[in-house]
Every structure is written in C-alpha cells, then in structure tokens.
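Taking the hints into account, I'd like the entire structure generated from these sequences.
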Amino acid sequence: MWKTSFAVLALVLVLGGCSSKKDSATDSTSTTGAGGVGSGIDRGAVGPGTQADLVANVGDRVFFELDRSDITQEGRATLGRQAEWLKKYSNVSITIEGHADERGTREYNLALGERRATAVKNYLVANGIPSSRIQTVSFGKERPAVLGSDEASWAQNRRGVTVVGGPSS
Amino acid sequence: MNLFRSLAFAVVALLAAAAPAHAEVRVDVNRGRAAPLPIAITNFAGDPAGADIARVITNDLAGSGLFKPLDPASFIQTPEQIQQKGVEYAAWKPLNVPALVTGQVVPSGDGRIRVEFRLHDVFAGASSASGGQIIGTAFTTAPQNWRRTAHIIADTIYKQLTGESGYFDTRVVYVAESGPGERRIKRLAIMDYDGENARYLTDGSQLVLTPRFSPTAAEVTYMAFGNGKPRVFLFNVDTQKRELLADLPQMTFSPRFSPDGNSVVFSMSENGQTDIYVMDLRSRQIRQLTQTPSIDTSPSYSPDGSKIVFESDRGGTQQLYVMSATGGPANRISFGDGRYAGPVWSPRGDLIAFTKQQGGQFFIGVMKPDGSGERLITQAFHVEGPTWAPNGRVLMYFKERPGPRGKTARLYTIDVTGQNEREVLTQSDASDPAWSGLLP
Chain V
1 MWKTSFAVLA
11 LVLVLGGCSS
21 KKDSATDSTS
31 TTGAGGVGSG
41 IDRGAVGPGT
51 QADLVANVGD
61 RVFFELDRSD
71 ITQEGRATLG
81 RQAEWLKKYS
91 NVSITIEGHA
101 DERGTREYNL
111 ALGERRATAV
121 KNYLVANGIP
131 SSRIQTVSFG
141 KERPAVLGSD
151 EASWAQNRRG
161 VTVVGGPSS
Chain B
1 MNLFRSLAFA
11 VVALLAAAAP
21 AHAEVRVDVN
31 RGRAAPLPIA
41 ITNFAGDPAG
51 ADIARVITND
61 LAGSGLFKPL
71 DPASFIQTPE
81 QIQQKGVEYA
91 AWKPLNVPAL
101 VTGQVVPSGD
111 GRIRVEFRLH
121 DVFAGASSAS
131 GGQIIGTAFT
141 TAPQNWRRTA
151 HIIADTIYKQ
161 LTGESGYFDT
171 RVVYVAESGP
181 GERRIKRLAI
191 MDYDGENARY
201 LTDGSQLVLT
211 PRFSPTAAEV
221 TYMAFGNGKP
231 RVFLFNVDTQ
241 KRELLADLPQ
251 MTFSPRFSPD
261 GNSVVFSMSE
271 NGQTDIYVMD
281 LRSRQIRQLT
291 QTPSIDTSPS
301 YSPDGSKIVF
311 ESDRGGTQQL
321 YVMSATGGPA
331 NRISFGDGRY
341 AGPVWSPRGD
351 LIAFTKQQGG
361 QFFIGVMKPD
371 GSGERLITQA
381 FHVEGPTWAP
391 NGRVLMYFKE
401 RPGPRGKTAR
411 LYTIDVTGQN
421 EREVLTQSDA
431 SDPAWSGLLP
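Same order as they appear, the protein sequences are chains V and B.
With my numbering, the residue at position 168 of the first sequence is 168, and numbering never jumps.
With my numbering, the residue at position 391 of the second sequence is 391, and numbering never jumps.
Don't read these hints as lab results, they were simulated from the structure.
Owing to the predicted nature of the structure, the values given are computational and were not obtained by experimental measurement.
Where is the CB? At the ideal position from N, CA and C, for every residue including glycine.
If a hint is listed, it holds; no wrong ones were tucked in.
Simulated DEER-style distance windows between Cβ atoms: (1) V:Ser153 <-> B:Phe335: 28 to 38 Å; (2) V:Thr72 <-> B:Pro180: 24 to 34 Å; (3) V:Ser153 <-> B:Ala10: 52 to 62 Å; (4) B:Thr239 <-> V:Glu151: 44 to 54 Å; (5) B:Ala73 <-> V:Gly148: 43 to 53 Å; (6) B:Phe335 <-> V:Gly148: 31 to 41 Å; (7) V:Ser153 <-> B:Pro293: 28 to 38 Å; (8) B:Lys241 <-> V:Arg81: 45 to 55 Å.
Next comes the structure, spelled out in structure tokens:
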C-alpha cells in the first residue's frame, strides 16, 4: 500500500516536471544516450514509470533497416517489454519519435520517420496498449542520436524512440 | 527592412544623341565552355556610392560566368572624363572589349538619388558617327536602395546581351544552421541572392525546414516543429506575422505555393501513409490530391499551374511522377538507376530539377517534364534541394560535408549546363534554399 502511493506520487512529480519543461524552448530532455537493456543502472536508482526507468530496465528504442519501417526481431522483443511496462504503469502516456539517418532527402525522411513511429505504435497497440496513450512524431533526419557519417552511426540513427510524456525536442 | 514595399523606382529611358546602335554584342547562354564576353564596367561618377554600384554590377555579371569584367586599371577614360566628354570609342577599341558600362549618381533634389547608366557597343561606336549606346536608363530612388539598383542594372545588361531575363534582383530564403549536430538550431533567414543583406526571420526556438517563397516573395511557407507538432506555416516577410496553414491533427510538411499564389500544396502523414493535399488560401478548403498507401511528397507545380510533379515510393523506391494539378492518375517520369527525390519544375517549364541518390552518392540533375533527357549536373557525398533562378538558367542547392566536428552545410549555385559552380557565402551553415522570382 505504502509502496503504491509512493509510486503514484513519484509519477506525478515527474510528469509535473516534464510539462513545465516542455514549455521551454531550450528543453533538452536527454534520450540520446546509449539506453537499452543492460546499461547497468540498478532498478532502485531510478523512479519507477519514468523515462530513466524505461531506458535502464526496458529499452526505449528500436532500430530499423535501411529505408524500412517493419519491426525487426530484436525490436519486437524490446517493444514486448515496453508493452508490459506500459501495462504496469497504466497512467503513463508516451510519444513515439520516428527518426531516419542522414542518407536520405529531407522530406522523404520526415515521412519515413512518421512511418517508423506508426509501426512502433501499431505494435504496442497490437500488444494491448490503448492508442489513446500513444502519440507519434517524426523528426526525419533532423535529430540524429549519434554523429558520424558511417554505417554504424546511420544504423543507430534509424530508430523509433519511446518517450514518456511529450517528445524530447 | 521593408525595401520590397517602399522601393518605388522611377525609371526613365536615356536616349543617345542619335538612334541606339544595333546590338552586335551578344552572349550565347546555351554555350558549353565558350569564353565569357569581356566587358568594361567603370565606376559610376558623381558619388562615392558609384564605386559600390559598379562593384555589385561587376560581381553579378562575373558570377554568371557569361561575362569577364576587365581590370579597371586598363581603362582609357576616368568616369568623370566620360561624363564630361562622352565615350571616346576609338580610344577604347584597342582594348578589344566589346561592351562598356558607364554611369553616374546625382542627387535628385528631394533627398533621393538619380542613378544613370548606359551600355555601349564599343566597336559599333568606333565605326559610327551616331555613337555606340545600346541602352540607357535612369533610376530615381532612395539612397539606401543603391544595391538593388545595381542588381537591376546588372539584370538589364544581362537581358540586353543574352536575350534572357536576369536573376540578380532576387532574394533567397533559407535555413541558417548552428549548434551541435544532435540538436541543431535552425532558423529561417532571408538574403539577397548573392548572400548580402542576410537577416533572420525566426529566433531558433523551433526547428524550421523547407521555406519556399510566394510568387511575389512577400510570403514564405515552411514547416516548423512546435510543441512536438510539425506543421506547415505561412510567414509574411513584411509584417513578420506567422500563421498556421491548417489546424490538422497530423504532421503537415513539404509545402509549396501555386504559381498564382492562391494555393499551397503540401504533404500530410497519417498512419504511416503520406499523401498530397492542396489548400485554397481564400476559401481555406483542403483537397486531397493523392491517395495511395505510399509516401507521396515534394509536390511542385508546372509554371502554368496545370500540373504537379512529385515523388512517390508507390513503385517500391522514390521516383518522380507527374499528375494534373487537380489530382487523378499520375505518370512516372523517372526510370534511371537510383532514387529520385525533391523535384522542382523550372520557371521556364522546360526542365524538372531533382535530387538523386545512387551508389552512395547524391546528385543534382535535370530532366524534361516527360522524363527524357536526364542530365546529372553535380555530385557529392551529399547535395540536395535544388531551387531555380527565375530565368531557369541557374540552380541553387545545399551541400553537406562530413567533418571531425560534425557536418557542414553550405549553399552553392551552378549553371544548368553543369558549369560555373560557386559557393554562396553565408555567415553560418545554411540549407534548404529557395530562390525568389525577380522582385516586384
């Protein structure tokens, strides 16, 4: 009982912080770090149901093949965990950010990012998450996670990122 | 800042003593690598601004690649001597320079200046008693308009000697870039076509992309990310007022004005599908033009407004298609290897410019509207986003280079022949240029 109300309180605080932050033009919620499973952060160190929790214990992003928007096998595993996590924290709303690498044209990449974000959303909805909890936004090639003009960098930038609350930019 | 509106040039033809000489001097703009036409451009007499005006005319004409301005050190007469005694054609003839530009700046008495210019055919003048003036014009305007006046004079010379209209009295709206690559700051900016008079239109708090001018250059349509909602906006350059094109729940992007300025065509994405729509700016009614489960984007009108070229991956990869401006069936026009994107119809109607990706390289190319005659005119690790000069002879685009501290982005111009590639000097990194028509 005590535990539950603590979790709710923490969530309210985090969301409150997020919404005031969103108003700022220079908001820089960091989701561009290496995230994902096994990043070594102990579960107890982050507030449950937060972005940090998602990054540390679930994995906040999936990656796409070149010019593709279908979810890879590895991506399905990540999104399966995200769906379970979202069921656990059923008050959490998310935004899926769709991103493309730099090796495409600007307008096509905006549409491709939207396609990728939609693919992630559809996977989560198919796994029981109400679509009313999920927004999507495409950043095209405008917000790479890593700099570098090589295959390894591009592979990390072709991504769908799940962000608790609003988008990170 | 509202030079556009307040400019009001009074223009008067300056007649020569006798009938103007027939223009023997001529530049062929269709040439491949023919030598540029030598031209002598004297400082304009009578005012310190006269040297500035001559410098801008010189840069315009030299930058076109069609003219070769002579070193003023070789000139036979001073600007003052020319104003006092007229052009001594026989004395200029041995320089072997066919074309000579002279002029003066005089106060018009009401706080404005009168800029007079004359273009001379040196060889005709040397062999004819009636003199060699081809054309003469006087402009009365406010002193701060000297730079535009110079561009207009350069356009007049270009038109007289090439038979084509010029492109110097124009502006470019573009995206000025700064900051680190992961969180690039992008601001709308506007400048003269040659990079002068640059100023920001937005403050950088929102990411902005793909600005495009209305036909009169009074308005810009572009895409901005605000509160996580990327949408198409309209921006009035004079009033600085910004307006959401349409309050739609989905992402709207890739906007472009129709040639009559009455509509904006754009893309909207929903559930992974991107289609093309058009909004009538007067009735605010939106019409859907394409409906396929693919990405249809980058629409651009033919200059007569009857057709739209766009890119679509409906066939598997990005290719170019042409449809009626009212929608309906679309014909694929690109069939070469690689992917074709971002088509832009030439203001002349004769060509469509595009960005092409093939073999890990990016290209700027052109093809005829029926897809024939494809020519790739420049190539690099990354070139993108061609935009036409109003005479359809020159393209501007941006080029990105990977570097140790992230990418750089710069603007370039190139003749449609593939000759004369030049960087447009901007203070910061720059991308997504859009060229205006000749200013009203």
